[in-house]
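Q: Sequence:
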Amino acid sequence: MGLQAQTPVLMALYDQHDRLQFANDAFRAAYFIEADEAPTWAEIMRRNHAAGRGTVLSTSDINAWIASTINRRGKIPFRAMETDLHDGRWLWMTETVDARGWMLCVAVDITTIRVEERALRQDRDFALRASQVDELTNVPNRRYTMGRLGEFIANCAQNPHMWGCVAIIDIDYFKAINDRYGHHQGDEVLLDFARQMQEFVRRSDCFGRIGGEEFMLILPDTTISEGNMILDRLLDKVRSARPLASIPEFYYTCSVGLAEYREGDGVKDIYARADEALYLAKRDGRDRVKRYTLPGSDPELRPDQAP
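For the sequence shown, the UniProt record's numbering begins at 1 and goes up steadily by one.
It should be emphasised that the hints constitute simulated quantities derived from the structure, not laboratory data. One or more of the hints may lead you astray.
Said to hold, decoys possible - List of simulated lysine-lysine pairs, DSS-like, C-alpha gap at most 27 Å:
id, residue 1, residue 2
1, K282, K237
2, K175, K282
3, K237, K175
4, K75, K268
5, K237, K75
6, K282, K268
Please work from the sequences and hints to get the whole structure.
A: Here's what the structure looks like:
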């Protein structure tokens, strides 16, 4: 512990809920965290941005930036990046995530590296982020999300002890919302839904926009019943949202199709089953979760009901 206190290297450990469980003196000093505090990563970023200290963030909408970053943070076992602080330091930071979702962050001061080289790498990082993130909602885009679906399928196929499920979520009557209130208000509904989702996306999950008003949630190590409960809570929260300040009575709902991984699945297989379950949710009145299960085991969906 003495060396951890003395080293200029920044060290921090976050739990699976992204709450700080340990940080050495160097990390706490850089991010203005008191010795007895255990804030979440989002709380650290939000309050330092408001105070103009800690990490330099090129954004005027800190909540959108946090939402975008959380959807990619801790999704792979190891990641390295560069970041600059308001005090002038430039850091090389690594994030290592274990199977439980705990994350170890280690950062080294690389301020002495040439500015031109740092700027070039930062431009590269910005371009990479832009290729992965939906421009409107700041959540992962279709390309990134489908890539993660492929990784999920491959992990399940390689490890018989892994399982999980996939949900396709569609905002109900979205075309009618656009037609009645205008595309700007429709965009506000999409943004609100992306914000509502943040409460339900765990470190191991992936949530992204796959087109129009349609989103995907990948839930590793989650049974279909557990996934159903998570999504039921999401729909409850969405029903109570009032995203349009100029139309306080406005509300919206979502429909969800849920499918679990089956041995031998490819990306198209599980996607098709979730899409069929979504069709059934809409056919049965919308604003509900329907899950695709094996014929005969659940009356919710039979092969002859497929669209």
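Q: State for each hint whether it applies.
A: Results for each hint:
1. K282 <-> K237: holds, 19 Å
2. K175 <-> K282: The given pair, whose Cα atoms are some 14 Å apart, holds under the 27 Å limit.
3. K237 <-> K175: At roughly 22 Å apart (the allowed maximum being 27 Å), K175 and K237 satisfy the hint.
4. K75 <-> K268: holds, 22 Å
5. K237 <-> K75: holds, 25 Å
6. K282 <-> K268: Distance ~21 Å between K282 and K268 Cα, so the pair holds.
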